[in-house]
Amino acid sequence: MTQIDYSAYDTPGRGRGILDVFRYHYLLRLLIGKSTSLRYRNSVLGWFWSYVRPTVQFLVYYLVVGQILGLHSKVPAFPLYLFSGLVLVNLFNDTMSAATSSIVSNKALVRKIYLPRELFPLAAIIGTFTHFLPQLAVLIVVSLLFGWLPSFASVGLALLGILLVVTFVMGLGLFFSAVNVRFRDASNIVDIIRTIATWSVPILYTWEMVQKVTSSHHVPWLFDLYMANPLAVGVELYHHAFWGTLPVVNDAQPRPINLDWPPQFEWHVVAAIGVVLLSLVIGQFVFRRFERSFAQDL
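Under the working numbering, the sequence shown has 128 at position 124, and the numbering climbs by one with no breaks.
Hint data in this document are derived by calculation from the structure and do not stem from the laboratory.
All C-beta atoms, glycine included, are put in the ideal place defined by N, C-alpha and C.
Accuracy of the hints is not assured; some may be wrong.
What the hints assert, rightly or not - Pair by pair, the computed Cβ-Cβ distance ranges are:
| id | residue 1 | residue 2 | range |
| --- | --- | --- | --- |
| 1 | S77 | F289 | 56 to 62 Å |
| 2 | N254 | Y55 | 28 to 34 Å |
| 3 | P224 | G151 | 31 to 37 Å |
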């Protein structure tokens with residue numbers, strides 16, 4: 005009897021995890037289009053909301069932290085310092101929420117057909133990233149008005165900051181999107197993380213304030229732990245890309261400490277990259293364990 009060779013066929017229901025994204029790129033494009041079209045569906049202002057919310061958020065922080073608490077007088081060009089960090093934090097918060105709810109939001113597809121489940125959080129992240137681009141465009145325009153002169157170094161720092169944050173969210177998104185299918189409490193945890201994220205990076209204060217507190221309490225290692233946060237590193241990269249090269253900052257007297265790199269910042273970047281890689285490994289591992297029961301849990 006002639007034996008049939010099945011070597012050319014894949015085992016049903018098995019995949020290579022996040023690597024399958026490259027194989028099913030056409031499905032990824034469809035999911036991205038779906039997420040972007042549904043974001044402001046039946047909305048009067050539509051894409052204009054991508055400008056309204058960060059603008060209101062910026063004004064509130066600027067009035068409270070900049071004017072009432074007086075940071076405006078301590079940091080040159082404080083509006084740009086605040087806004088350059090705020091846009092990156094908004095990117096983190098928005099992509100985290102979208103990735104966490106991505107599997108539950110597409111439960112009809114998950115129940116009916118097989119496709120790499122990693123496509124859902126990745127499509128949600130990329131779809132949300134498109135709504136970050138208007139904020140980035142506004143940041144560039146405002147920076148130019150402040151006297152910013154783009155260079156290869158500043159553009160490279162900005163791209164590295166985006167890459168750190170997006171890959172970090174990808175690892176966290178894989179983890180929380182999988183856990184959220186079985187335990188809907190995960191979305192509440194993500195809301196808490198988003199609140200903490202805004203205050204855990206140097207945008208409403210400067211990094212030397214954190215260093216002074218940790219040094220005064222004789223826990224300098226806590227500052228290194230604080231700066232190992234990929235989001236904090238990304239924000240500092242954005243500060244140096246847009247704010248740190250301004251003439252008004254360089255000519256400030258006395259020269260602000262925050263213009264310089266935080267101590268051992270290069271090692272902080274390396275540590276942040278390590279945290280990002282660890283989040284990807286853990287996120288993929290947890291996702292593969294939980295995806296076996298997605299259809300039943302949904």
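Next item on the list: Take the C-beta atom of N254 and the C-beta atom of Y55, compute their distance, and say whether it sits inside 28 to 34 Å.
Entry: holds, 30 Å
Next item on the list: Could you tell me whether the CB distance from P224 to G151 stays inside 31 to 37 Å?
Entry: Since the Cβ atoms of P224 and G151 sit about 36 Å apart, the hinted range of 31 to 37 Å holds.
Notebook entry, point to check: So the hint says 56 to 62 Å: do the beta-carbon atoms of S77 and F289 match that?
Noted result: Since the Cβ atoms of S77 and F289 sit about 49 Å apart, the hinted range of 56 to 62 Å is violated.
Of the numbered hints stated above, the single one contradicted by the structure is hint 1.
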